[in-house]
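Student: Knowing the structure of chain A, use the given hints to seat chains B, C and D on it.
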Amino acid sequence: MLPLIIKRIAYALVIIAGIAFVVSAMTKLVPGDPVDVMAAGNPGMTEADKARLRTQLGLDRPMLDQYVSYLGNALRGDLGTSLRQRVPAAQLILERLPATAELTLWSMVLALSVATPIGIVTALRRDSPIDTAGTVVAVVGVSTPSFLLGVLLILLFSVQLGWLPASGYKGSVIAAIPKAIVDGRFDLLWQKVRYFLLPSVSLAFGLMAVNARLIRSAMIETIRQDYVQFARAKGVPPRTVVLKHAFRNAIIPVITMVGLQLGNLLSGAIVAETVFAWPGIGRLSVQAITTRDYPLVQATVLITAVLFVGMNLIIDLLYQIIDPRMRHG
Amino acid sequence: MSTPLLQVHDLRVEYASPRGLVRAVAGVSLSLDRNRILGLVGESGCGKSTVGQALLGLIQPPGRIAGGDIRFENRSLVGLPEREMRRLRGNRLSMIFQDPTATLNPVMTIGDQIAELFRWHRPRMRRKEVQTRVTELLERVGIVDADRRSRAYPHELSGGMRQRVVIACALALDPALIVADEPTTALDVTVQAQILDLIRGLQAEHGTAVILVSHDLGVIAETCDDVAVMYAGRIVESGPTAEVLARPRHPYTAGLIASRPSITAPDQVVRPIPGTVPDLANPPVGCPFHPRCVRAVAGCREGIPALSPTREEPRHAVACPLAA
Amino acid sequence: MADSTLSQIAATAPTESVHNVARNQFLKALRRSPKGLAGLLLIGMILIGAAAAPALAPYDPAQQVLGWRFLPPVWATGGGWDHILGGDNLGRDIFSRIVVGARTSLAVAIIVVALAATIGSLLGAVAGYAGGIVDNLIMRLVDFLLAFPFLLLALMIMAILGPGFWTMVLALSIALWVNYARVVRGEALRIEQMEFVEAARSIGVPGWRIVLGHVLPNVIPSVLVLATLEVALVIIAEAALSFLGLGVQPPTPSWGKMISEGRDFLYDAPWMVLGPGLVILMTSVGINLFGDFLRDFVDPRAER
Amino acid sequence: MSLDRMDPQEFLALTYAHARQNVLSRRSVLGGFVALAGAMALPGRAAFAEGRGGTLRIGRDQEPDSLDPQKTLIAVSDQTNNWIYEPLVRLDVDGKVVPGLAERWEATDNNKTIVFHLRDGVTFHDGSPADAEACVWTTQRIMDPATASPSSYLLGPFDKAEVVDRLTVIYRFKEPFVPLWIGLSSPSTAILPRKSVEALGDQFGRNPVGCGPFRFAGWAPDTGIKLVRFDDYKCGPVAAADEVQFLYFPEDSTRIAALETDEIDVLATGQAVPVDAVRRLRQNSDIQLLSRARQGLRALVFNLNKAPFDDIRVRQAVCHAIDREKVLAFALDGNGQIAHGPLPTTIPGYSKAVEALDYAYDPAKAKALLAEAGQSAGLKLSMITSDMPPIRRTAEIVQTELRGIGIELEIQSLPVGEWASLSSKGEHHIFFMAYEYNDADILYAALHSQGSYNRSFRKDAALDKMLEAQRVAFDPAARQSLLDDAQALIMRQAYWAPLFEPLNFAALSSSVRDAALRTDGDISVDSAWIEN
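Chains as they are written, first to last, in the working numbering: chain A, 43 to 371; chain B, 34 to 357; chain C, 4 to 307; chain D, 11 to 542.
The shape of chain A in the complex, shown without the other chains (with noise of 0.2 Å):
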């Protein structure tokens, strides 16, 4: 086990590596830069004024000079300081960071909790009325732009309702559980839960109906499988042969896709950090863009990248503890 760890992450740091470079040779492609964006909305500022400020920022000099010096500051976990704000750009996603991973970890959790028994469900009733309503939530699930949930749930919710708050962030909802259960301050719980409760809605919706689609097909598979049937051969009473032996099997397809869905959030997360005014890592890279913020660029590229191997490496371990078979070879 520890040498694949090794191996994984050997992988992973080469990726990166060429990532961090792919982003470097881009930037370097993308007509305009830091100063031309400052420019844009004063016009006061003259040719020379543009031409001593990119001096001053370090901007002139060669890609690759920059590069070899970024991978060596970000070893040393240096990952540069932000053009536009002017604090280390790791400072910037620190402070961000928490807010995205919270909100995919819960729409993650929302989805998965909803697209489970869905799932399973509409495996064992195949082609009854209960698929056909799964596959109907399903297809509108996938079918709706998640902005436009986003802001429906606003005016319903918020504005018409007045039950839950239109948009922010109030804070760690992890962070209030332990409060909550010591001190009994569920009140405390549920001021900070409002608000994660429609952007999760809103990003979990289209994953929601995904993985009730993955699960429900992964399940089919399942449960037409020798060991299913050798199980209810066995008189194993069927709630037990469909949660230890066929779901258990029918999760290992599915963990992979999660895994890769956990990446497509981060970035994914953008849409909904937009509408819920969320402050995330997706609007501070979208805005590192538009603004040509190359160091801050980079960083979010990289800690996206990392982040997204970290966890698809955790669900490799975790699928040698699922799935016997893996730990060995």
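Simulated from the structure, these hints should not be mistaken for lab results. As the structure is a computational prediction, the values presented were derived from the model and not from experiment. A portion of the hints provided could be inaccurate.
[To be verified] Derived DEER-like restraints, expressed as beta-carbon distance ranges:
1) A:L117 - D:D212: 19 to 29 Å
2) C:V137 - A:L44: 20 to 30 Å
3) B:E106 - A:P159: 50 to 60 Å
4) B:D102 - A:R367: 38 to 48 Å
Glycine included, C-beta positions come from ideal geometry on N, C-alpha and C.
Tutor: Below, chains B, C and D alone, put in the same frame as chain A:
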């Protein structure tokens, strides 16, 4: 003798498929006494495995038992509530599947998979005792170092070992009837013999009745007391194994025997049966075998021939008017 | 000794025109499947609508008339049959824009899926068949693209090439081919083990011909199913890119852009979003129904 | 003629006039100031009174990049820093120069030096004194290359500052500088506390310390930027609200929903009130909507280096082809004013004479001009625009209008980075000009052959001369006459096709009191308060 252990009367199983209704079993009747081994033989898709599944009540949508009756230990299994049926499965009736690799759950240890039977059928048995019984069973099916092996996962065992585990599961609660569905097909030839010996030995020891489903006449000949030949969802010939194999009456049985290479007479010409198994969603009119039958006459297209005893040997029955 | 008899019998089965049989079976299965038929009907309607767009659209989709601004649709008070789905913020007929916009949205979806499926299948088949360093290179590229946050990649590509139809096609194709490569590689690995590939290799058929002639045709069913389902995903992705300002350039209408623009008027003129939202839903429902049917059909085990 | 020989009093008068013209012209447009909640008396910078207070929650469409005033150039950062820091002088609600940290000032040394007399007893929020020493250190920092200040250009030909005594500081310029107060009233040049800046390093931009009416209290992604009233504020009346929060909502519908659901009290600055939402907000009786003319313009700029726009008839044809009433109605729902020249009516220096030179909507004449220029129908042209929704939408309307005379316009609507860099390459036919500026000198940037913002690529010697001359003309009348000539020439030559002047909006919930819309689009955060 008292009533037979198992009596199947006019069993019908149908599957709904996008291509139409498939009559996988179209009226099968058979009976089996304790301590006997019955062979069910036929080409793939003739419905022999479906009969085995129907016996254990394992037919699932889109399939259903469309008619007939199954009497086992004096109760009718057709229409028995699922809860009752479940009490019988693995307990009085058990099953050995074809591919031991696919039969065992890859994510559970083999010990757990055997122990499960005790858990659901002998809920009051203590954990420790279950463990002892599991080890005992594994030893009985010829697995050495059984205690350690019970903690292994299926992929850590060889194919033959896995099938032994499956057999251990089937035997665990001393069932009255074991349905063995092609138990040796997926195994190496040398292992096949061992497994057949094992089944036979255990059967003799416990007096269990066995239905052995196989496409291989060699396996049937070696193992079974009686044989039933199935074609297109029906039994076309049945009787004591020696009698049927020595004097096949149905042209299909004869074809099966002729198409089988013989070790004892290697120079004998192998003659395959021409044509293919009929589409059960759309079976031929009349005797289902007539399109492939070398002896077919015009009358074969009219009416499905019934299984009737031959004059010489009443236990030998055949469903072909030309042969009876 | 045991295995031979019946498989031999099966092997002698006549191999009449396999294609005809397949086609007949397909049509027969389709006739029996309400799901497949309904899906095909919906897709057909939308494709015909898109093809006949200039004839079908009652007005020029770019025509702006002051009196048509925020004109309610026919079912709302103030609406009329002249403009079934009403008018948008720039006084354009929404129905005409949907009909003409179908061309953009469907073109993006079809081109992207075709490109991604072709490139992905080829690379996946090559990786699976060739193995070794080629496989390693291709799969590392796949890992690379999976780890690169998609929307950021799309934004950067767009920043380099400028927004527009082909930039969008490129960005989406780059993101999507990876899925096909993964699926096809897995299938190729499986097929490579099969006897007919062994046989072809043993008589000296060159590697590329084995890939083209044996591996690819065998993975087509899985690719087809994946491709069908991704068409709907691409239509939604187009909407998301439009939301981030990466959509097609005006005056070309597209469903995604219409929804993205309409969201600002959700309160005053909800019909601006309703029309395009419904056609996306219709298309997606059609494709998913048909895709489900296709999956059941190509998956032989589904019939048992 | 030259400024350095002017009498100092006259010089200062000129600089005030420069600023005051802004005020007058702004007032003339929409009344500028909107009295609220039952014709309340003008709040101005009235003394802090009983009953005022509350937390003012302001929703914006942008987020500041840095609150280090020397390290930012974007408006929303300035509009935040404006309440934390104290510049030497301030612009009041109507854009008039009023004392800030400096109580009074005079010009000396041939108008190249300004002597500032600072208020006594002013301290920064960190307790250190805001004195002459601090002023000098502040100017050294902004000019230091290590600071890499993008806003240092606002100080023009600044040389250095010197301490005279504790409360007297002199700012030396290399030459007399007319737009002096634009830079010196900007938070970019506000006085910084050396102690805190040096202690905080690059975190100063996240933990700003100034001597303005509000003290910085926090900036977190979840709570936005929080300011609390600085009770020791010495440079004017103490602010009315107890606390101010600036919250960032990138999505229009969400921001409006937040106001409607009382999660915030104010929408102001930038495009916080999108023009699309004005209808909806006007219908809501719980919301007060403020509007005021913006110092900005939307126009089409023809690339004269590229055929067919080297032909004046084609340019005139395009001008005649556009129905600006319709553009205004479609793009801004009528919330704006039709433009007639290269300057909006709100910028001092606007020439009323251009209204007579207007190209009226006349598609027939446009077609005739095109034919005359030898252009057949089906002319294909390209236009670069930014991708801001109201601007992109305007471009789409222009596209339809030009189709009416047989021109097929291809729109490239680009995010700001590409927009800035591609438009300067000059490969487009038309550039969609959208500028905000507070001085007629924008004409130099946008039309002088050396102008940094010249997207018509015109090299017109006569025009260059006029634009150079207006830069140093100290007599308002003389400058106006030069500007009149320049604007007339631009319109006669049809270098630009002006479209419209947009408005600024702010929306307030009904509990907000004493808020006025400033010329820069912000509300008077220091006078506003919340009634319980």
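Student: For each hint, tell me whether it holds in the structure or not.
Tutor: Here is how each hint holds up against the structure:
no.	hint	result
1	A:L117 - D:D212: 19 to 29 Å	21 Å, holds
2	C:V137 - A:L44: 20 to 30 Å	29 Å, holds
3	B:E106 - A:P159: 50 to 60 Å	38 Å, violated
4	B:D102 - A:R367: 38 to 48 Å	43 Å, holds
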